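In order, the protein sequence lines correspond to chains Z and V.
Per the numbering used here: the first sequence = residues 1 to 302.
Per the numbering used here: the second sequence = residues 1 to 242.
Keep in mind that the hints were calculated from the coordinates and are not lab data.
Keep in mind the model is a prediction, meaning the values are calculated, not measured.
Misleading hints may appear alongside valid ones.
Where chain V lies over chain Z, by a calculated footprint (3+ residues, C-beta under 8 Å) [stated by the list, open to error]:
(1) 18 to 26
(2) 30 to 41
(3) 166 to 175
(4) 269 to 281
If you only want the chain Z side, here are some residues facing chain V, beta carbon under 7 Å, derived [stated by the list, open to error]:
(5) Asn10
(6) Leu11
(7) Arg59
(8) Ile60
(9) Glu62
(10) Val67
(11) Gln74
(12) Gly77
(13) Gly218
Facing chain V, according to a computed beta carbon distance under 8 Å, are these residues of chain Z, among others [claimed, not checked]:
(14) Ser65
(15) Gly66
(16) Asn69
(17) Val71
For each residue, glycine too, the CB sits at the ideal point set by N, CA and C.
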Amino acid sequence: MIDLTTTLSNLKLDNPIIPASGTFGYGVEMAELYDLNILGSISIKGTTQNARYGNDLPRIAESSSGVINSVGLQNPGIEKVINYELPNLAKIFHKPVIANISGFSVEEYVYCAERVDKISNVGLIEVNVSCPNVHGGGLAFGVDCEKVAEVTKAVKKVTTKPIYIKLSPNVTDIVSIAKSAEQAGADGLSLINTLLAMRIDIKTRKPILANVMGGLSGAAIFPVALRMVYQVHKAVKIPVIGMGGISKAEDVIEMMLAGASAVQIGAANLIDPLICKSIIEKLPELCERLGIKKLSDIIGAA
Amino acid sequence: MRELVFTIQKNQLIAKHMFNFVLTGDTSDIMKPGQFVNIQVPGFFLRRPFSVCDWRENELTLIYKVVGNGTEALSKMSAGQELSILSGLGNGYELREIKNPFIIGGGAGVPPLYGLAKRLVEKNITPKIILGFNNSDEIFYVNEFKSLGLEVTVTTLDGSYGVKGLVTDVIDNCEYAYVCGPLPMLKAVHKKVSDGQFSFEARMGCGFGVCMGCSVKIKDGYKRICKDGPVLNYSEILWDEI
Ligand SMILES: Cc1cc2nc3c(=O)[nH]c(=O)nc-3n(C[C@H](O)[C@H](O)[C@H](O)COP(=O)(O)OP(=O)(O)OC[C@H]3O[C@@H](n4cnc5c(N)ncnc54)[C@H](O)[C@@H]3O)c2cc1C
Ligand SMILES: Cc1cc2nc3c(=O)[nH]c(=O)nc-3n(C[C@H](O)[C@H](O)[C@H](O)COP(=O)(O)O)c2cc1C
Ligand code: FES
Chain Z
1 MIDLTTTLSN LKLDNPIIPA SGTFGYGVEM AELYDLNILG SISIKGTTQN ARYGNDLPRI
61 AESSSGVINS VGLQNPGIEK VINYELPNLA KIFHKPVIAN ISGFSVEEYV YCAERVDKIS
121 NVGLIEVNVS CPNVHGGGLA FGVDCEKVAE VTKAVKKVTT KPIYIKLSPN VTDIVSIAKS
181 AEQAGADGLS LINTLLAMRI DIKTRKPILA NVMGGLSGAA IFPVALRMVY QVHKAVKIPV
241 IGMGGISKAE DVIEMMLAGA SAVQIGAANL IDPLICKSII EKLPELCERL GIKKLSDIIG
301 AA
Chain V
1 MRELVFTIQK NQLIAKHMFN FVLTGDTSDI MKPGQFVNIQ VPGFFLRRPF SVCDWRENEL
61 TLIYKVVGNG TEALSKMSAG QELSILSGLG NGYELREIKN PFIIGGGAGV PPLYGLAKRL
121 VEKNITPKII LGFNNSDEIF YVNEFKSLGL EVTVTTLDGS YGVKGLVTDV IDNCEYAYVC
181 GPLPMLKAVH KKVSDGQFSF EARMGCGFGV CMGCSVKIKD GYKRICKDGP VLNYSEILWD
241 EI
């Protein structure tokens, strides 16, 4: 028997496979296709204090091996997530979930973190710092070491559950951002979020996305994500959840060799809704072939 | 919804840039006309959504227009090749017990209306068909609609076939309409009818409700075109915003 278990702070996962925030809704649609309880955990859609509709359509553009989205954090708001989505998910998924939260001010992060911290099926809080800071000229929190530290400290103060800061790759030096999150008390890191990108329609000569720019994810970004996970893992002592372009079992092994304790799978779910299941089924055989008895042994082995 | 493998049976040019695409496979997930499937075209990242034109046991018919690289690649595929398809997506048209509804379609929006017309006829309802195209080269399926025993009015922009003009020029006294076509057409048609069901398009990330890529505002919140649509009711649509 190959041991696929892994650990994120105090959370024990049956395997390292976690659907990424924003690509799995709140699980109900996917539960029509397979029993979600085979998953390590689930990261729910990013939640803000109030309901948000998000950006105008079109919100989706394609690229070679990837997708650019400008959904703009559409979500029903924290109240509805706590009172409706999370209890609903608890009925179909009987393990702790990852609550992904977003904010446009430090106060909003604090509010959301404090609320989800009290929910029993939340095992870990993932703080998405890729949002623009409305009090900071609209620049994303995640591009500034001090802002990341400020959000981390403020959120840590009001919570008891592990806090994982989800890093933006749209920075000059992701290692320094990762270190400031660690110094500010983060229990772990999630990376990467999407890469800022765009497409132009050559017939209309206009950007395809109504929002002009969006975030690129999918297979196209895998080597970039892998490099960042590798660099960050070398520089910090806290666990790293690796993501970005993972679309097969081999990618999971590679991401863990780079330093990921667990992985998230995002865009791949959109084109192959059974991808997480297939990867989980494939892992034991692949480990066997690679001479891996305990998957967590390979974390950061590269 | 299920992820299934279908085999191409026929991939035939039937009008300018329009292909009749017949596939063999399990169609049991398709419940209503107006639902769609999401096709993985080899070499492309995202799937391509196409309305179900017609279906029966083990046979699915789609009609697609070549508009870009994905549909171009699809048009080069031949009988015997296999495709991964997410089948049975979307809500589809609700078949209402209205005696003489209109069915109004334009261009690449015509396909799902054929499956709809066929099923309305099975329920002894006789819809009046109005189909709009740019010109005579682009016309397809007019005879198929006529074979259902229905009255069909065709409009072309340049007058090369049927009535010269737009579908809205020939809508008269319409209480209830089933509509599918480009957005400007849907908007124009809504002003000429009192009620009905309208099928919308949106660029999709997933096609089954998890990514929020296709979400539009409606009177009472929002709807995902892929999961809560593509068919929306006249009265819930925010016509000035969509
Ligand atoms: C619910 C639904 C039903 C549809 N039914 C039909 C049908 O029956 N027959 C038909 O010919 N067409 C239909 N379409 C439109 C069809 O999906 C697009 O023409 C097709 O995706 C274009 O792909 P492409 O690679 O050739 O174009 P490209 O422009 O190269 O595609 C780039 C990306 O944009 C997306 N895209 C481009 N145009 C559209 C569009 N109009 N709607 C949605 N996504 C688009 C593509 O899926 C792809 O992700 C339908 C669309 C939807 C949403
Ligand atoms: C449609 C879509 C919506 C997303 N929404 C969120 C979100 O709400 N919060 C968040 O932290 N990340 C969000 N992401 C980013 C993913 O969780 C993930 O970090 C990124 O897509 C990279 O992984 P991938 O290449 O496997 O998709 C979203 C991604 C996509 C494609
Ligand atoms: S396309 Fe993903 S929710 Fe509609």
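Structure-based check of each hint:
no. : hint       : verdict
1   : 18 to 26   : holds (count 4)
2   : 30 to 41   : holds (count 3)
3   : 166 to 175 : violated (count 0)
4   : 269 to 281 : holds (count 6)
5   : Asn10      : violated, 29 Å
6   : Leu11      : violated, 23 Å
7   : Arg59      : holds, 5 Å
8   : Ile60      : holds, 4 Å
9   : Glu62      : holds, 5 Å
10  : Val67      : holds, 6 Å
11  : Gln74      : holds, 4 Å
12  : Gly77      : violated, 12 Å
13  : Gly218     : holds, 6 Å
14  : Ser65      : holds, 6 Å
15  : Gly66      : holds, 6 Å
16  : Asn69      : holds, 6 Å
17  : Val71      : holds, 5 Å
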